[in-house]
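Asker: Each chain, written out:
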Amino acid sequence: MIKVSNLCKSFGELEVLKNVDIHITRGEKVVIIGPSGSGKSTLLRCLNCMEDPTSGSVVFNGVDIADPKVDINIHRQRMGMVFQHFNLFNNKTVIQNIMLAPVYVEKKRMRKLRRKNPNNEKIKSTAEIKAEEKEKAINLLRRIGLEDKADEYPSRLSGGQKQRVAIVRALAMNPEVMLFDEPTSALDPEMVGEVLEVMKSLAKEGMTMVVVTHEMGFAKEVADRVVFMADGVIAEEGTPADIFENPKNPRTQQFLQCVL
Amino acid sequence: MGNFGKKINIFLESFIEHGAYNKVLEGLSNTILIAVMGHIIGIVIGTLIATVRVIPKYKLLPRVLNGFCSFYVGFFRGTPIVVQLLLFYYVLFPLLGVRITAVAVSILVFGLNSGAYISEVMRGGILSVDSGQMEGGRAMGLSFSTTMLKIVIPQAIKNILPTMGNEFIALIKETSIVSFVGATDLYVAFNYIGSNNYEFMVPYLAMAVIYIVLVLVISLLIKIMERSLRKGDKSI
Numbered sequence: 003m004i005k006v007s008n009l010c011k012s013f014g015e016l017e018v019l020k021n022v023d024i025h026i027t028r029g030e031k032v033v034i035i036g037p038s039g040s041g042k043s044t045l046l047r048c049l050n051c052m053e054d055p056t057s058g059s060v061v062f063n064g065v066d067i068a069d070p071k072v073d074i075n076i077h078r079q080r081m082g083m084v085f086q087h088f089n090l091f092n093n094k095t096v097i098q099n100i101m102l103a104p105v106y107v108e109k110k111r112m113r114k115l116r117r118k119n120p121n122n123e124k125i126k127s128t129a130e131i132k133a134e135e136k137e138k139a140i141n142l143l144r145r146i147g148l149e150d151k152a153d154e155y156p157s158r159l160s161g162g163q164k165q166r167v168a169i170v171r172a173l174a175m176n177p178e179v180m181l182f183d184e185p186t187s188a189l190d191p192e193m194v195g196e197v198l199e200v201m202k203s204l205a206k207e208g209m210t211m212v213v214v215t216h217e218m219g220f221a222k223e224v225a226d227r228v229v230f231m232a233d234g235v236i237a238e239e240g241t242p243a244d245i246f247e248n249p250k251n252p253r254t255q256q257f258l259q260c261v262l
Numbered sequence: 641m642g643n644f645g646k647k648i649n650i651f652l653e654s655f656i657e658h659g660a661y662n663k664v665l666e667g668l669s670n671t672i673l674i675a676v677m678g679h680i681i682g683i684v685i686g687t688l689i690a691t692v693r694v695i696p697k698y699k700l701l702p703r704v705l706n707g708f709c710s711f712y713v714g715f716f717r718g719t720p721i722v723v724q725l726l727l728f729y730y731v732l733f734p735l736l737g738v739r740i741t742a743v744a745v746s747i748l749v750f751g752l753n754s755g756a757y758i759s760e761v762m763r764g765g766i767l768s769v770d771s772g773q774m775e776g777g778r779a780m781g782l783s784f785s786t787t788m789l790k791i792v793i794p795q796a797i798k799n800i801l802p803t804m805g806n807e808f809i810a811l812i813k814e815t816s817i818v819s820f821v822g823a824t825d826l827y828v829a830f831n832y833i834g835s836n837n838y839e840f841m842v843p844y845l846a847m848a849v850i851y852i853v854l855v856l857v858i859s860l861l862i863k864i865m866e867r868s869l870r871k872g873d874k875s876i
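Sequence order for the protein chains is S and U. Offset between the first sequence (1-based) and the working numbering: plus 2. Offset between the second sequence (1-based) and the working numbering: plus 640.
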């Protein structure tokens with residue numbers, strides 16, 4: 003589903019990723035671990051081209067999205083992303099946060115349909131789109147137990163609540179893959195659990211997930227494959243059992259000794 | 641004091657009985673028109689320039705636009721507004737062969753001028769919005785311009801509202817120079833009353849009072865606006 007080949011990324015002189023290859027198949031849960039500065043967040047951000055790769059290709063559903071000629075926005079709509087610092091829109095309420103992008107995309111699609119054939123029966127009015135997306139948003143909020151917060155602004159939510167909203171905001175686009183960039187690193191310890199619960203339930207439903215995290219417990223429980231990164235390369239990868247119980251690479255052994 | 645009372649009577653007589661209030665109303669409406677329209681044009685231009693200035697500049701087009709914006713801001717901040725007004729009214733439009741009223745020229749010049757200043761204010765505002773807001777929008781597949789328009793600029797405006805209020809108040813007072821091209825504003829109206837009978841004391845006092853009242857009303861409106869925009873802020 004996502005095939006990364008020979009990916010390099012440098013920020014000025016600093017080489018962050020060196021010829022990384024990784025293949026993520028549909029339904030797979032990949033957890034990326036590694037010391038800070040190893041390039042794991044950069045790798046994740048290259049998957050939806052939030053960072054433009056310096057060289058190499060990122061093929062998503064058969065299209066190389068690292069090519070500057072590709073309309074990246076269309077592909078990003080199929081990839082949900084959750085950030086360390088939530089990045090909820092501060093000027094929108096919770097429900098507006100969830101509805102904004104889907105409504106916008108639907109409206110755009112309707113405009114295209116109308117241009118092709120104004121009498122197409124599938125054309126929905128803006129009010130219909132909004133009503134539909136609102137219902138979807140409320141269902142998503144119900145799923146994380148926050149439907150009573152629909153009309154609050156993000157500033158009134160706790161960190162854990164914000165991150166749960168950020169997850170369902172990404173889900174509202176019906177993505178094919180979810181990218182998590184250290185989703186629990188900015189949270190108070192007692193809120194980590196509620197966010198991980200939402201992620202686990204997503205995993206159970208079969209969502210393709212790529213997660214950068216320091217939560218080794220989550221990696222052991224959920225991952226199909228654990229990728230250990232160090233110094234801009236994938237130093238070792240394998241099943242959680244391989245990596246956590248029987249690491250081969252000395253870098254992996256050293257890292258796991260420090261965190262476990 | 642008796643003398644002052646007489647001056648007031650002369651003013652009132654000219655103001656009410658000789659119909660000079662019509663002139664004052666015309667001046668007041670022109671002053672407000674030029675300031676409000678000028679500010680709106682300024683906000684639009686300023687926002688466009690500020691956006692151009694924060695676009696990443698890998699490609700040629702943003703670079704060319706950026707160069708043009710630098711020139712624009714340089715010109716309008718580098719020359720006095722009176723000079724710009726005179727240049728537009730007596731040089732540019734005659735050269736183009738376009739007939740245009742003094743008020744229209746004033747609106748245009750004040751708009752272009754405040755656009756240059758507002759662009760810097762707006763740029764500061766955009767930079768004050770956490771970069772995660774832009775990332776959040778782009779990661780959902782929204783385009784740069786959509787994210788800018790729906791997410792970043794509304795938050796930027798909230799942050800710069802106090803400064804914008806300042807700009808608008810400065811603008812409304814600066815409009816008193818439009819008499820240079822013969823537009824009737826508050827100054828022209830009261831000057832006209834004064835020169836009818838060479839009694840300037842009361843008309844100029846009245847003019848000052850009207851300006852103060854105008855500015856107070858505007859300050860109040862800005863405060864109300866700010867309060868409604870701040871409803872998304874931390875309030876726990």
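Think of the hints as simulated: they come from the structure by calculation, not from any bench. Remember, predicted model here, so these are calculated numbers, not experimental data. Do not take every clue at face value.
Said to hold, decoys possible - Listed next, the stretches of chain U that the computed footprint assigns to chain S, with coverage defined by at least 3 CB atoms under 8 Å from CB atoms of chain S: (1) 710 to 721; (2) 758 to 764.
What the hints assert, rightly or not - Okay, derived cross-link-like pairs now, PhoX-like style, lysine-lysine, Cα gap no bigger than 25 Å in a straight line: (3) 124/S to 138/S; (4) 109/S to 132/S; (5) 790/U to 136/S; (6) 132/S to 790/U; (7) 126/S to 114/S; (8) 124/S to 94/S; (9) 646/U to 132/S; (10) 109/S to 647/U; (11) 138/S to 863/U; (12) 151/S to 871/U; (13) 790/U to 151/S.
Even glycine gets a Cβ: it sits at the ideal position worked out from N, Cα and C.
Asker: Run every hint past the structure and note whether it holds.
Answerer: Now the hints, each set against the structure:
1. Residue count for the stretch 710 to 721 of chain U with a Cβ under 8 Å from a Cβ of chain S: 0. That is fewer than the three needed, and the coverage hint is violated.
2. Counting residues of the stretch 758 to 764 of chain U whose CB lies closer than 8 Å to any CB of chain S gives 0, which falls below the minimum of 3, so the coverage claim is violated.
3. For the hint linking residue 124/S to residue 138/S, the alpha-carbon distance of about 19 Å falls within 25 Å, and the restraint holds.
4. The hinted pair formed by residue 109/S and residue 132/S meets the criterion: a straight-line CA distance of about 9 Å does not exceed 25 Å.
5. A distance of roughly 18 Å separates the Cα atoms of residue 790/U and residue 136/S; the hinted pair therefore holds under the 25 Å criterion.
6. At most 25 Å may separate the alpha-carbon atoms for a hinted pair to count; residue 132/S and residue 790/U meet this at roughly 16 Å.
7. With a CA separation close to 12 Å, the supplied pair residue 126/S and residue 114/S stays within the 25 Å bound.
8. Under the criterion of a C-alpha separation no larger than 25 Å, the hint pairing residue 124/S with residue 94/S is inconsistent with the structure, at around 29 Å.
9. Distance hint between residue 646/U and residue 132/S is unfulfilled; the C-alpha atoms sit about 68 Å from each other, more than 25 Å.
10. Between residue 109/S and residue 647/U, the direct Cα distance comes to roughly 66 Å. Violation of the 25 Å bound is thereby established for this hinted pair.
11. Under the criterion of a C-alpha separation no larger than 25 Å, the hint pairing residue 138/S with residue 863/U is inconsistent with the structure, at around 37 Å.
12. Distance hint between residue 151/S and residue 871/U is fulfilled; the C-alpha atoms sit about 15 Å from each other, no more than 25 Å.
13. Note on residue 790/U and residue 151/S: the hinted pairing holds, with a Cα-Cα distance of about 22 Å set against a maximum of 25 Å.
Figure legend: structure checked against the earlier numbered hints; hints not met, in rising order: 1, 2, 8, 9, 10 and 11.
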